[in-house]
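Peer 1: Okay, here's what each chain looks like letter by letter:
There are 2 protein chains.
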Amino acid sequence: MPACTIGLDYGTNSVRALIVNTANGKEVASAVWTYAHGTEGVILSDDPNLARQHPADYLKGAETTVKRAIGGAKRSLKSFDAADVVGIGVDTTGSTPLPVDRRGLPLAFKPAFDNHPAAMAWLWKDHTAIDEAEEITDLARKMRPQYLAKCGGVYSSEWFWSKLLHCRRTAPKVFDAAYTWVECADWIPAMLTGTEAPETLAIGVCPAGHKAMYNKAWGGYPDEKFLIRLDAKLGDLRARLVEKAQTIDTPVGQLTDAWAGKLGLQAGIPVATGAFDAHLGAVGSGIRPGTLVKTIGTSTCDMMIVPPNQKLPDIPGLCGIVPGSIVPGFIGLEAGQSAVGDIFNWFVNYIAPGGKTKGSHKSLTAEAEQLRPGASGLLALDWNNGNRTVLVDPRLTGMILGQTLYTTPAEIYRALVEATAFGALTIVNRLEQYHVEVKDVINCGGIAEKNPMVMQVYADVLNRTMRVSRSSQTCALGAAVAAAVCAGQYQSIPDAQEAMTGLKKRVYEPIPENVAVYKKLYTLYKQLHDAFGTTSWKGNCHNVMKDLLAIRTEARAS
Amino acid sequence: MPACTIGLDYGTNSVRALIVNTANGKEVASAVWTYAHGTEGVILSDDPNLARQHPADYLKGAETTVKRAIGGAKRSLKSFDAADVVGIGVDTTGSTPLPVDRRGLPLAFKPAFDNHPAAMAWLWKDHTAIDEAEEITDLARKMRPQYLAKCGGVYSSEWFWSKLLHCRRTAPKVFDAAYTWVECADWIPAMLTGTEAPETLAIGVCPAGHKAMYNKAWGGYPDEKFLIRLDAKLGDLRARLVEKAQTIDTPVGQLTDAWAGKLGLQAGIPVATGAFDAHLGAVGSGIRPGTLVKTIGTSTCDMMIVPPNQKLPDIPGLCGIVPGSIVPGFIGLEAGQSAVGDIFNWFVNYIAPGGKTKGSHKSLTAEAEQLRPGASGLLALDWNNGNRTVLVDPRLTGMILGQTLYTTPAEIYRALVEATAFGALTIVNRLEQYHVEVKDVINCGGIAEKNPMVMQVYADVLNRTMRVSRSSQTCALGAAVAAAVCAGQYQSIPDAQEAMTGLKKRVYEPIPENVAVYKKLYTLYKQLHDAFGTTSWKGNCHNVMKDLLAIRTEARAS
Numbered sequence: 001m002p003a004c005t006i007g008l009d010y011g012t013n014s015v016r017a018l019i020v021n022t023a024n025g026k027e028v029a030s031a032v033w034t035y036a037h038g039t040e041g042v043i044l045s046d047d048p049n050l051a052r053q054h055p056a057d058y059l060k061g062a063e064t065t066v067k068r069a070i071g072g073a074k075r076s077l078k079s080f081d082a083a084d085v086v087g088i089g090v091d092t093t094g095s096t097p098l099p100v101d102r103r104g105l106p107l108a109f110k111p112a113f114d115n116h117p118a119a120m121a122w123l124w125k126d127h128t129a130i131d132e133a134e135e136i137t138d139l140a141r142k143m144r145p146q147y148l149a150k151c152g153g154v155y156s157s158e159w160f161w162s163k164l165l166h167c168r169r170t171a172p173k174v175f176d177a178a179y180t181w182v183e184c185a186d187w188i189p190a191m192l193t194g195t196e197a198p199e200t201l202a203i204g205v206c207p208a209g210h211k212a213m214y215n216k217a218w219g220g221y222p223d224e225k226f227l228i229r230l231d232a233k234l235g236d237l238r239a240r241l242v243e244k245a246q247t248i249d250t251p252v253g254q255l256t257d258a259w260a261g262k263l264g265l266q267a268g269i270p271v272a273t274g275a276f277d278a279h280l281g282a283v284g285s286g287i288r289p290g291t292l293v294k295t296i297g298t299s300t301c302d303m304m305i306v307p308p309n310q311k312l313p314d315i316p317g318l319c320g321i322v323p324g325s326i327v328p329g330f331i332g333l334e335a336g337q338s339a340v341g342d343i344f345n346w347f348v349n350y351i352a353p354g355g356k357t358k359g360s361h362k363s364l365t366a367e368a369e370q371l372r373p374g375a376s377g378l379l380a381l382d383w384n385n386g387n388r389t390v391l392v393d394p395r396l397t398g399m400i401l402g403q404t405l406y407t408t409p410a411e412i413y414r415a416l417v418e419a420t421a422f423g424a425l426t427i428v429n430r431l432e433q434y435h436v437e438v439k440d441v442i443n444c445g446g447i448a449e450k451n452p453m454v455m456q457v458y459a460d461v462l463n464r465t466m467r468v469s470r471s472s473q474t475c476a477l478g479a480a481v482a483a484a485v486c487a488g489q490y491q492s493i494p495d496a497q498e499a500m501t502g503l504k505k506r507v508y509e510p511i512p513e514n515v516a517v518y519k520k521l522y523t524l525y526k527q528l529h530d531a532f533g534t535t536s537w538k539g540n541c542h543n544v545m546k547d548l549l550a551i552r553t554e555a556r557a558s
Numbered sequence: 001m002p003a004c005t006i007g008l009d010y011g012t013n014s015v016r017a018l019i020v021n022t023a024n025g026k027e028v029a030s031a032v033w034t035y036a037h038g039t040e041g042v043i044l045s046d047d048p049n050l051a052r053q054h055p056a057d058y059l060k061g062a063e064t065t066v067k068r069a070i071g072g073a074k075r076s077l078k079s080f081d082a083a084d085v086v087g088i089g090v091d092t093t094g095s096t097p098l099p100v101d102r103r104g105l106p107l108a109f110k111p112a113f114d115n116h117p118a119a120m121a122w123l124w125k126d127h128t129a130i131d132e133a134e135e136i137t138d139l140a141r142k143m144r145p146q147y148l149a150k151c152g153g154v155y156s157s158e159w160f161w162s163k164l165l166h167c168r169r170t171a172p173k174v175f176d177a178a179y180t181w182v183e184c185a186d187w188i189p190a191m192l193t194g195t196e197a198p199e200t201l202a203i204g205v206c207p208a209g210h211k212a213m214y215n216k217a218w219g220g221y222p223d224e225k226f227l228i229r230l231d232a233k234l235g236d237l238r239a240r241l242v243e244k245a246q247t248i249d250t251p252v253g254q255l256t257d258a259w260a261g262k263l264g265l266q267a268g269i270p271v272a273t274g275a276f277d278a279h280l281g282a283v284g285s286g287i288r289p290g291t292l293v294k295t296i297g298t299s300t301c302d303m304m305i306v307p308p309n310q311k312l313p314d315i316p317g318l319c320g321i322v323p324g325s326i327v328p329g330f331i332g333l334e335a336g337q338s339a340v341g342d343i344f345n346w347f348v349n350y351i352a353p354g355g356k357t358k359g360s361h362k363s364l365t366a367e368a369e370q371l372r373p374g375a376s377g378l379l380a381l382d383w384n385n386g387n388r389t390v391l392v393d394p395r396l397t398g399m400i401l402g403q404t405l406y407t408t409p410a411e412i413y414r415a416l417v418e419a420t421a422f423g424a425l426t427i428v429n430r431l432e433q434y435h436v437e438v439k440d441v442i443n444c445g446g447i448a449e450k451n452p453m454v455m456q457v458y459a460d461v462l463n464r465t466m467r468v469s470r471s472s473q474t475c476a477l478g479a480a481v482a483a484a485v486c487a488g489q490y491q492s493i494p495d496a497q498e499a500m501t502g503l504k505k506r507v508y509e510p511i512p513e514n515v516a517v518y519k520k521l522y523t524l525y526k527q528l529h530d531a532f533g534t535t536s537w538k539g540n541c542h543n544v545m546k547d548l549l550a551i552r553t554e555a556r557a558s
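Just so you know, the protein sequences line up as chains A and B, in that order. Letter 192 of the first sequence, counting from 1, is numbered 192 in my numbering, and no numbers are missing. Letter 449 of the second sequence, counting from 1, is numbered 449 in my numbering, and no numbers are missing.
Looking at chain A on its own, in the form it has when it is part of the complex (with noise of 0.2 Å):
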């Protein structure tokens, strides 16, 4: 058997391991392990914006997964041997900060904090800081605006920052019991390593750049002084911050041999520095210049890399825009949905339209299917969750406008999956507007492989080819990608790219007439996102639902 590497790959709900082949990027063999906290292993509670993870979760979940999937490996395939096994790469949700002690530990394993939310990991779409973002933002505006001309003109709530300050205004007592806080993203692969302690830890340039506003350009992190008007206990957290800022070619260390131990593995194989998951899901999507590569989820993660050379303006909106954080050597761009994937799930979970089979993902689909473009007189909004990309604005909510008395479920669904389409082009058409060319869109995540249906409304909305990635694990390939990286099998993540990913054969060409609509319907859309999600609209809507008919009648004539 040739070298293989791991895989590990954290999501919101669940952890898998993947052990490919680093020759061919065959994908040998995976196992996935739902956290044991929480719901889904997300911690609630009454305030429907905190969202938490129990960092316990990620070493049973690195254990049991690594375990099984070398199991599963050894029961394929008789020639493999752990021992082929020459590299770990991980990548996890993010911003997902962790506050931990002087040694790295996690609050949340001590008993003094056991069960306080705020002592354990802060998840992505966890939404409680809103208020710390705006001041966040506010501040920034006035005294760094360059902070925020790397991530879109807004901090969000999502991010590092303000889930800190968050934490200090309303559990001070968790705040100043710890030493440091620390990305999800760095702490598994420190603790793999035995890094974990703040003088060894490495950190990623993925996590702190795109969200803790870190950029060498200006030194590092946020400097003292304007964290101090923030708060002064923030101040001072600044110099007790690990600031040594890897790309994820770099390993952060070797696995220990406990850690070797506990996963049968050998022990000092190198662990990659660690990224976020759609980072290293454009990655295992085979990103490079001029490709976009979407990860369609709950949410999505829109990447696209720009050579160093190139001239890029700051892009308003955008999430981030990070040298090094996807491929190393080229800038990294961030855009993103708030939600796609969840948006559906809502509709078929907590609306149920007919009951659960009825109205599942795989009827509505299929009836969805045979609608067409504009038939319905529908029009909706995405912003069930807020919008991240282009309007970075957590206080927006969705909308489905042009019912009538007769308007059904799948009408509704595939209004719903075009309101995405567009909140995609919203994205696309930023950025050809600062002169990123978007040729080619790659896709992958678990909706781009099953709902042909979303792929092609995509396609004839974008009105260019969809593409999806071969592999339906690309986040946990990118991180195997890294690992071979780092493990010496190849010079450089492009190189890896090009012998480990790849694309399925299946493209989605757009359909010229349902382009044409579409391009109709993009225009009120706009309409509508301008005049509700922007202070710049200056006009009524009066013609929405007059033009919105119009389309119908044309649709259901033709």
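Among the hints, a few may not be true.
[What the hints assert, rightly or not] If you want the footprint, here are the derived chain A segments under chain B, 3+ residues with CB under 8 Å:
1) 122-133
2) 375-388
3) 397-405
4) 530-544
Simulated from the structure, these hints should not be mistaken for laboratory data. Glycine included, every Cβ here is placed at the ideal spot set by N, Cα and C.
Position chain B against the provided structure of chain A, taking the given hints into account.
Peer 2: For chain B alone, kept in the frame of chain A given last:
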């Protein structure tokens, strides 16, 4: 047994006969029969705008229900004798015109036109004539603005002339074969009294005045010059329309021997001049000056009467201002919402959230009742079937705004109820703006009787006491009141109302804290109403989602 009268109430799906004691309004017996043709009495086609009825159902319906009601009365009251019935009143939907021949016989009865939808009765909710309604509105605006001033400024696709013109355009053979056209409300009393031939036919001021631009002030129906500009054959028809218009306190004739035999009643008893259901419903609810009567069913009709000596300006957006159309001697005002119960029915029948049991009116109401005003963050527009008053625009559609990933069906259901209440308040505000004071509200119809949650929301949104009519059959009761006056039991409609109508004991008082929240929500509703429903709005809607979230936060904290 004292004198009784029968109210015959022709609805959208069924007809009801109600036998009423004229001394006290006590309902002795009643019987309902669902029309035999079409889907629950409505003939549909591929065109979602088409809705027709077969006049054979009107005849069979009279016979079936009167006979059954008499049977029921005999069973429940030994003293009852069919000879106690001293008169009949009739109410119907409208505008529901039907083409008839030289003798007043509906073309639908002729073999040549059997099953031809254009030869049927054109049911009130038929919207096939949208283009013709616009054409009539445009011409009247230029040529005869006075015609529009009494019907809200816009002539509706639901009304008499739109339907006739659409028939002329799309089914010219039917149009040519018709000697004249008669409203269902006029044709049924005529048929019972053998006066259906044009030379003996009497028409009601209610149907003619509210739907056919009939007004004694300008010489009855629209003049020939105006009609010719629409179509030469419509001009020709003008001379063949019956112009003898009466109020409901005047009989159109006496029950024929043939019909007396069929129904088991005495020949020669008077049959009152017909009127629309909501108008006679207002009579049966005890309408008087200062009292708004809301008939809440699939749609609503909102009725007021104004003393003839009150100076009444033209009120933009009101469906009709017609002297004598409700209570003789008073000016009748008609407003209405194009869909109320129909919107709730759409959600329950078409969306069926959670399946049939979970998504029933009963269980959604039970859950929605527990919610605090504003706590869902949702806001809806009640336009799934367009907007009758005050926008008079069928080309408007529904909207639901404010959804998150956790929005529940009960929250949506309540938002839909609230939307209809906001629509109701918009009508009240328009009336008061034109000095028609709404002191009191009496509700009638199934929803008013059966859904206290809806009534409480209405009390809170309208900030007025909601009363409910004592009778569950106000339309039929109103018809029986008219019959009692025609039979000489009372001198006038108000005298008969005093004796025969009443209110239920349970009243719904506004709850001050709810009133305060709904005041804020209504401001946002009105903003959307004007932004999407008028061309006068000149701002953006950026505040709407934010304000809803702020209201939600307050509501949840309180």
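Peer 1: Would you mind marking each hint as holding or not holding in the structure?
Peer 2: A quick look at each hint next to the structure:
no.: 1; hint: 122-133; verdict: violated (count 0)
no.: 2; hint: 375-388; verdict: holds (count 4)
no.: 3; hint: 397-405; verdict: holds (count 9)
no.: 4; hint: 530-544; verdict: holds (count 14)
Taken one by one, the earlier hints fail for this structure only at number 1.
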